[in-house]
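Engineer: What follows is the residue order along each chain.
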Amino acid sequence: MTLELFIQYLVAGITYGSIYAIVAIGFNIIYNTTGIINFAQGEFVMLGGMLSITLLQFMPITVAIALAVGLTMCIGAVIEIVFIRWLKNPSVLRMIIITIGISILIREAALHVWGDNVRALPYFIGNEITSIPVLGARVSPQVLWVIGTCSLMVLFLSLFFKMTSIGREMRACAANRTAAILCGIDTRNMVTLSFILSAGIGALAGAVMSPITYTQYDIGTGLAIKGFTVAILGGLGNSPGAVAAGLLLGVIEAFSVSMVPLAFQDAIAIAILLVILFVRPHGLFGSSAAAGLKEF
Amino acid sequence: MALLRVEKISKKFGGLQAVSDVSFALREGSIKAVIGPNGAGKTTLFNLISGVLPATSGEITFKGHALNGLRPYQVARLGIARTFQNIKMFAGMTALENVMVGRHVQSRSGFLASMFRLPGFLSEEREIRRKSMELLELLGIAEYADTEAMNLAFGQQRAVELARALALEPALLLLDEPAAGLNIYETAEIGRLITKIREMGITVLLVEHDMSLVMDISDEIVVLSFGQKIAEDIPQKIQRDPEVIRIYLGEEAAVPA
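Those protein sequences? They're chains L and F, same order as listed.
Numbers 85 to 380, taken from the working numbering, label the letters of the first sequence in order.
Numbers -10 to 246, taken from the working numbering, label the letters of the second sequence in order.
These are calculated hints, taken from the structure and not from any lab test.
Take the hints with a grain of salt, since some may be wrong.
In the BS3-like style, the derived pairs of lysine-lysine whose C-alpha atoms are separated by at most 27 Å in a straight line are [stated by the list, open to error]:
#1 L/K172 to F/K120
#2 F/K21 to F/K(-3)
#3 F/K21 to L/K246
#4 F/K52 to F/K120
#5 F/K52 to F/K21
One side only, chain L facing chain F, incomplete, derived with CB under 7 Å [stated by the list, open to error]:
#6 V202
#7 A204
#8 S249
#9 N260
#10 G268
We put the CB at the ideal spot given by N, CA and C, even for glycine.
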């Protein structure tokens, strides 16, 4: 393999990997405050892309994306308030089934609104054939947008959780719910906020990636599976782990193209998921003690 | 004036009467201890006051407000903080961060307001950090501020938990067995701390098994047995109360001669 080709694969891997990482972090944020996996996480990504494509007809692209992200955050809040908030001590299984139901609901609603056409936002800079040379390889500027946006989101989130009162309260709520409540924290608001945050980062990733990956009403399911694999691989609830695992999965997938047919690309993620669930269910970077804390 | 008034409070778990018709009042600025054998309903009483459990009947008033039906976080915001028999730290957070979480309630007007109040954000963050650091200094654990709380020794974790409760600036502090698992030096230290906390103007209600600590620091003692209040008096009189001696030492007839 030439160096150019190696870099080409590597950049493609990092691009997809950072999207997987964002989806996985979305899983983690909700998992940490509620103990459940929100299987509608992929739908937030789809909504971000679809809404900004529709809004683009009426306004400039930056406004359209911002509005689409805002709308998806509202949808996230509404989902939590309507379907989750009022439940009294629901079982984990019941909540997971609810999120699967929500995912189907959003997907079918999207099919009615947008049909089954494949859509995409235009490239933010240039077009499909614009490229920037990176160490001899040719890289689309949109790829840099995706990687840059995802990195900024990770940075923003870690600052948010570390440096702000609300962020620390969310971590407190995740670490010990009873103690958090008795410190005067309304944990129900923290759960709503976790849905808003997850929806927001998913939607932004969905909008930025759509020029290169395209989007359709049903892309959420596939992304949710990849994101779930990454979340498990990195250790559920562990966001730095999710970044590492996301990049790892993205790069493995990208290089697999040089060895196995393209059609097998998705099978690789699923195979990794199965192996991890059998061998290290607490993930590569998680500790089994931490995994045992949540009833699951 | 009574800061906290518990009136004919009862709690039933199925057929078990965990607390039955308990009444007492807590004078502002005093230290009151609740003692009694295991299973007497002491922790249940704490859970009723802090709103973790709803009472089956009876009423609890704090500063004249009825607490019945309030959620635990609302009770905490009214100014009742508590610590736990088995320490509940926020895992993955440093000692300082643990205390800062307790501080948040004091430093914000509302949920949305604090999300969008960017200008005052940095100075507020500094203020929270400064006040939390002061509390760690007060409890003598400032040097461990940046250590992850779960990695601290047991006694230090207890101090962090106490600092976190104080960060709420409570009017009433509920301490559930603050000396449990501590050695005699640490217990004496906790005793000094509780007295210091009272001097800060905070009323203290504690559950404790260590009798020397209870007798040393309490102004008044409530004795529970099988969910019922059997005595309430100053420590010197409780020590001589025949009923209290009977439940702690057993019936005279039961002791072999």
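Engineer: Now, for every hint given, state plainly whether the structure supports it.
Structural biologist: Here is how each hint holds up against the structure:
Only pairs whose Cα atoms come within 27 Å are accepted, and L/K172 paired with F/K120 is rejected, the gap being roughly 36 Å. Straight-line distance between C-alpha atoms of F/K21 and F/K(-3) comes to about 18 Å, which keeps the hinted pair within the 27 Å bound. At most 27 Å may separate the alpha-carbon atoms for a hinted pair to count; F/K21 and L/K246 exceed this at roughly 38 Å. For a cut-off of 27 Å, the pair hint linking F/K52 to F/K120 stands: about 25 Å separates their Cα positions.
Of the pairs offered as hints, the one joining F/K52 and F/K21 holds, with about 17 Å between alpha carbons and a cut-off of 27 Å not exceeded. This hint is violated: L/V202 has a C-beta 37 Å from the nearest C-beta of chain F, more than the 7 Å allowed. Interface restraint check: L/A204 against chain F, minimum CB-CB distance 33 Å, threshold 7 Å, status violated. Proximity of L/S249 to chain F holds as hinted, the smallest CB-CB distance being about 5 Å (cut-off 7 Å).
Interface restraint check for L/N260: the shortest CB-CB distance to chain F comes to about 5 Å, inside 7 Å, so the restraint holds. The closest approach between the C-beta of L/G268 and any C-beta of chain F is roughly 4 Å, which is under the 7 Å cut-off, so the hint is satisfied.
Taken one by one, the earlier hints fail for this structure at numbers 1, 3, 6, 7, listed in ascending order.
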